[in-house]
Each structure stands twice: as C-alpha cells, then as structure tokens.
Amino acid sequence: GAVVSQHPSRVICKSGTSVKIECRSLDFQATTMFWYRQFPKQSLMLMATSNEGSKATYEQGVEKDKFLINHASLTLSTLTVTSAHPEDSSFYICSANELASQETQYFGPGTRLLVL
Amino acid sequence: QQQVKQSPQSLIVQKGGIPIINCAYENTAFDYFPWYQQFPGKGPALLIAIRPDVSEKKEGRFTISFNKSAKQFSLHIMDSQPGDSATYFCAASKNSGYALNFGKGTSLLVTP
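Residue numbers (my numbering), protein chains in the order written: chain V, 1 to 116; chain U, 1 to 112.
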C-alpha cells in the first residue's frame with residue numbers, strides 16, 4: 001500500500017521556539033494532504049486541509065498564524081508550529097489522498113511534540 | 001460538534017470472541033465510511049471501508065455492516081486475537097477525497 005512518512009517522529013523544544021514537521025507521500029502523488037492533532041486517549045481532530053500550490057484551509061478555532069502549512073509539491077506538506085507553548089504539546093498526524101484514485105486516505109506515523 | 005458518534009468507549013473480549021463497535025452519523029451527505037486501527041504512538045491504519053450502496057463488506061476477519069436508513073454502521077472482528085488489541089476509530093466523509101470526521105474511538109482489549 002501507499003506510504004506516508006513524517007519527520008521528525010518526536011521532538012522536544014523550549015517554549016517560544018518554532019518547530020517544523022514534514023509529511024511526505026513516498027510512492028504516490030497527493031494534491032491534498034490533511035493535518036490532524038490528537039491528544040492522549042482522544043480522537044483525531046482535523047486542523048487544516050493542505051492543497052498543493054494554494055493556501056491551506058483551516059478548521060474553525062485553529063490559528064493560521066500559529067500553525068503554518070506549506071504544500072509546495074505533490075509529495076510534501078509541512079506544518080510549522082510557531083512560538084510553541086506547552087499547550088501545543090500533542091501528537092500531530094498527516095494524511096494524504098492518492099491523486100490517481102482519491103479512494104483511500106493514508107496516514108503518516110505521527111509526530112510527538114513536547115514543548116517544555 | 002461530534003458528527004460521528006461511536007460506542008462503546010472501551011471493550012474487553014476473550015480470544016476468539018467477536019467484538020462489535022457501533023457508529024452513528026447525522027449528515028446524509030456522508031458517503032464514505034472507513035474504519036481505522038491505531039496502536040499506541042502510531043498513526044491510524046485503514047482496516048476496511050464501505051459506501052452506502054452496500055449493506056455489508058467483509059475483508060478477512062473484519063466485517064462492516066451498514067444500515068443507511070438508520071444512519072448507522074458497525075465493525076465486527078471475527079475470531080479476535082490478542083494482537084487485535086488497539087484503538088479503533090470509525091470515520092465518515094462526503095467523499096473519499098475529503099477530510100474525515102472521526103468518532104471518539106473504542107479501546108479494544110482481547111484477552112488470551
């Protein structure tokens with residue numbers, strides 16, 4: 001099956017710093033990628049929809065200036081958490097739809113962010 | 001607002017048992033209903049998905065039952081194994097290419 005990778009798998013940073021998370025579709029092209037956030041023992045909550053070559057669409061309540069999303073190519077989307085604070089500590093997961101079939105949404109392995 | 005309601009929150013069955021997880025939705029525009037399995041610290045993995053034009057779909061030990069009139073769908077795991085112990089999420093979207101609305105998840109424990 002199609003593979004989506006994320007990097008880094010986990011990151012620890014100090015409060016106030018910025019962190020970039022990469023999401024790559026390894027063996028397929030994706031016009032659309034999604035970013036989710038998951039708190040411990042909770043469900044996945046959609047943060048934003050990232051479309052290649054255009055601005056991301058953010059869900060209500062998600063600060064677009066804090067969570068910067070760039071989808072520069074058909075295989076790469078990045079999420080930058082700017083001026084991170086402890087409340088931003090969470091599990092961030094991306095997913096991607098294969099351009100050709102649009103049938104299945106493949107998820108990455110997630111990135112664990114801990115802000116001290 | 002939770003667009004997909006999932007129950008139970010947790011479930012314990014013995015090896016060989018058939019756990020059943022139920023989900024309900026309100027938005028009749030939804031037409032794609034996948035189930036995902038997630039292990040701790042990992043991303044969700046697609047198990048099986050169904051569209052409203054069929055009432056049942058089976059893949060290996062996993063079966064989805066779909067009731068369009070009741071706006072409900074469920075996952076059955078046949079001959080469950082301890083390795084099936086994980087969190088299971090149902091989801092729904094307007095199309096397979098759209099963002100998914102997830103249920104709250106069911107933590108399944110299969111005892112030896």
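Treat the hints with caution; some may be incorrect.
As the list claims (entries may be wrong) - In silico lysine-lysine, DSSO-like type, Cα no more than 30 Å apart, as pairs:
id, chain 1, residue 1, chain 2, residue 2
1, V, Lys20, U, Lys42
2, V, Lys66, V, Lys41
3, U, Lys5, V, Lys41
4, V, Lys66, U, Lys68
5, U, Lys15, V, Lys66
6, U, Lys68, U, Lys5
7, U, Lys42, V, Lys64
8, U, Lys15, V, Lys55
To be verified - Some chain V residues well away from chain U (every beta-carbon gap over 10 Å; in silico):
id, residue
9, Ser18
10, Leu74
11, Pro109
12, Leu114
Claimed, not checked - Derived contacts from chain U toward chain V, CB cut-off under 8 Å, selection only:
id, residue
13, Phe39
14, Pro44
15, Ala45
16, Leu46
17, Arg61
18, Pro82
19, Gly83
20, Phe89
21, Lys94
22, Gly97
23, Ala99
24, Leu100
25, Gly105
Honestly, the hints are just simulated from the structure, not real lab data. These numbers come from a predicted model, not from an experiment. Cβ atoms here follow ideal geometry from the backbone N, Cα and C, with glycine treated the same way.
Requested in this report: Go through the hint on Gly97/U and say holds or violated, using the shortest Cβ distance to chain V against 8 Å.
Outcome: holds, 4 Å
Query - No chain U beta carbon within 10 Å of Pro109/V's - result: The claim is violated: Pro109/V sits with its nearest Cβ about 5 Å from chain U, within 10 Å.
Query raised in the report: Is the hint on Leu46/U kept, meaning its closest Cβ partner in chain V is under 8 Å away?
Result: holds, 6 Å
Query - 30 Å Cα cutoff - pair Lys42/U, Lys64/V - result: holds, 26 Å
Query raised in the report: Keeping to a limit of 30 Å between CA atoms, is the pair of Lys66/V and Lys41/V held or broken?
Result: At roughly 24 Å apart (the allowed maximum being 30 Å), Lys41/V and Lys66/V satisfy the hint.
Query raised in the report: Can we keep the Gly105/U interface hint, with Cβ of chain V closer than 8 Å?
Result: holds, 5 Å
Query raised in the report: Can the restraint linking Lys20/V and Lys42/U be considered satisfied, given a maximum Cα separation of 30 Å?
Result: holds, 19 Å
Query raised in the report: Within 30 Å, alpha carbon to alpha carbon, are Lys15/U and Lys55/V?
Result: Violated: Lys15/U and Lys55/V sit about 48 Å apart, past 30 Å.
**Report entry** Status of the Ala99/U interface restraint (C-beta, 8 Å, chain V)
**Finding:** At 5 Å from the nearest chain V Cβ, Ala99/U passes the 8 Å test, so the hint holds.
**Report entry** Hinted contact Gly83/U with chain V - closest CB pair below 8 Å
**Finding:** violated, 19 Å
**Report entry** Non-interface claim for Leu114/V, where every Cβ of chain U lies beyond 10 Å
**Finding:** holds, 13 Å
Requested in this report: Would you settle whether the hint for Arg61/U is holds or violated, based on the nearest Cβ-Cβ distance to chain V being less than 8 Å?
Outcome: This interface hint is violated because 18 Å lies over the 8 Å limit.
When held up to the earlier numbered hints, the structure conflicts with 4, 5, 8, 11, 13, 17, 18, 19, 21 and fits the remainder.
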